[in-house]
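2 protein chains.
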Amino acid sequence: MDKPIEDMRLAQIGFLVNDIEKTKKEFARFFGVEEPETVNSGEFEITKTQYRGEPAPKAKCYMTFFYFGDLQMELIQPNEEPSIWKEHLEQFGEGIHHISFNVKGMQKTISACEDWGMELLQKGEYRRGNGRYAFMDALDSLKVVVELLERDE
Amino acid sequence: MDKPIEDMRLAQIGFLVNDIEKTKKEFARFFGVEEPETVNSGEFEITKTQYRGEPAPKAKCYMTFFYFGDLQMELIQPNEEPSIWKEHLEQFGEGIHHISFNVKGMQKTISACEDWGMELLQKGEYRRGNGRYAFMDALDSLKVVVELLERDE
Chain Y
1 MDKPIEDMRL AQIGFLVNDI EKTKKEFARF FGVEEPETVN SGEFEITKTQ YRGEPAPKAK
61 CYMTFFYFGD LQMELIQPNE EPSIWKEHLE QFGEGIHHIS FNVKGMQKTI SACEDWGMEL
121 LQKGEYRRGN GRYAFMDALD SLKVVVELLE RDE
Chain A
1 MDKPIEDMRL AQIGFLVNDI EKTKKEFARF FGVEEPETVN SGEFEITKTQ YRGEPAPKAK
61 CYMTFFYFGD LQMELIQPNE EPSIWKEHLE QFGEGIHHIS FNVKGMQKTI SACEDWGMEL
121 LQKGEYRRGN GRYAFMDALD SLKVVVELLE RDE
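Residue numbers (the UniProt record's numbering), protein chains in the order written: chain Y, 1 to 153; chain A, 1 to 153.
In case anyone wonders, no lab produced these hints; they're calculated from the structure.
Any given hint could turn out to be false.
[What the hints assert, rightly or not] Here are the simulated lysine-lysine pairs, DSBU-like style, with alpha carbons at most 30 Å apart:
1) Y/LYS86 / A/LYS143
2) A/LYS104 / A/LYS58
3) Y/LYS143 / A/LYS22
4) A/LYS25 / Y/LYS108
5) A/LYS48 / A/LYS3
6) Y/LYS25 / A/LYS3
7) A/LYS108 / Y/LYS22
8) Y/LYS143 / Y/LYS22
9) A/LYS22 / Y/LYS3
10) Y/LYS108 / A/LYS22
11) A/LYS25 / Y/LYS104
Bound conformation, chain Y alone (with noise of 0.2 Å):
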């Protein structure tokens, strides 16, 4: 089996946290830069968010950016209803969730990832409809959730 995703660069670190707010203030402390924006993730007509193959309308969450490098950081507060960072956050705990990849061609690089041995979890649009992501269940095989990236140019 070939390798499943063509840029190997890593694109971003998530972290799922309890407390967006306060981790934030922690990584802005850290980096030494002003605090980032938090957003939240966006409205369901837009983002299309299916969580374990089903639609999940109210599935939420807060996020913020760092960058450093060509990296990014990003931090992830879920809200209360089922989604995939919830049920990680309360699996496993505050900590580091995904690493991230850029891929052109959302589809066909699921369906690579599902041949290469990782199960879909969750996917949708972009809050501003710019782009698409798709968390891939690597955590058998590499210990970690494998996030896709698709923005649109």
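With chain Y held as given, fit chain A onto it using these hints.
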């Protein structure tokens, strides 16, 4: 408090695993590369490992490294003797343990991290004696362990 580390570009992501040979195979399959060599952490006479402030001559691990882009991915399988590797693996299970930064001046950077609010968990010299590492506890603040790496010129 100023940021404790000068160069905030991520140098390494480190995983703790139970079976390095098995997980190494999966990483090589994912990245589409040959399996790298597994090495051990070296002899205490060189490494001078200190675990929570005490000499830990029996603390050892197996390590292997993957490179993609500017980033190193490290897999670590600890031996059965007490170490921060074994402690963390038992407490949190397999997965990402640390993110690493290159520093210049290990002792002053450890002190800066301590002033920032991190606790020194373990430190030692590289197995070839050409550098040193320190694991700083940032689990409360940043939800991850921060590793300092200093390679001698």
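Verification of the supplied hints:
| no. | hint | result |
| --- | --- | --- |
| 1 | Y/LYS86 / A/LYS143 | holds (16 Å) |
| 2 | A/LYS104 / A/LYS58 | holds (28 Å) |
| 3 | Y/LYS143 / A/LYS22 | holds (11 Å) |
| 4 | A/LYS25 / Y/LYS108 | holds (24 Å) |
| 5 | A/LYS48 / A/LYS3 | holds (28 Å) |
| 6 | Y/LYS25 / A/LYS3 | holds (13 Å) |
| 7 | A/LYS108 / Y/LYS22 | holds (27 Å) |
| 8 | Y/LYS143 / Y/LYS22 | holds (27 Å) |
| 9 | A/LYS22 / Y/LYS3 | holds (17 Å) |
| 10 | Y/LYS108 / A/LYS22 | holds (27 Å) |
| 11 | A/LYS25 / Y/LYS104 | holds (26 Å) |
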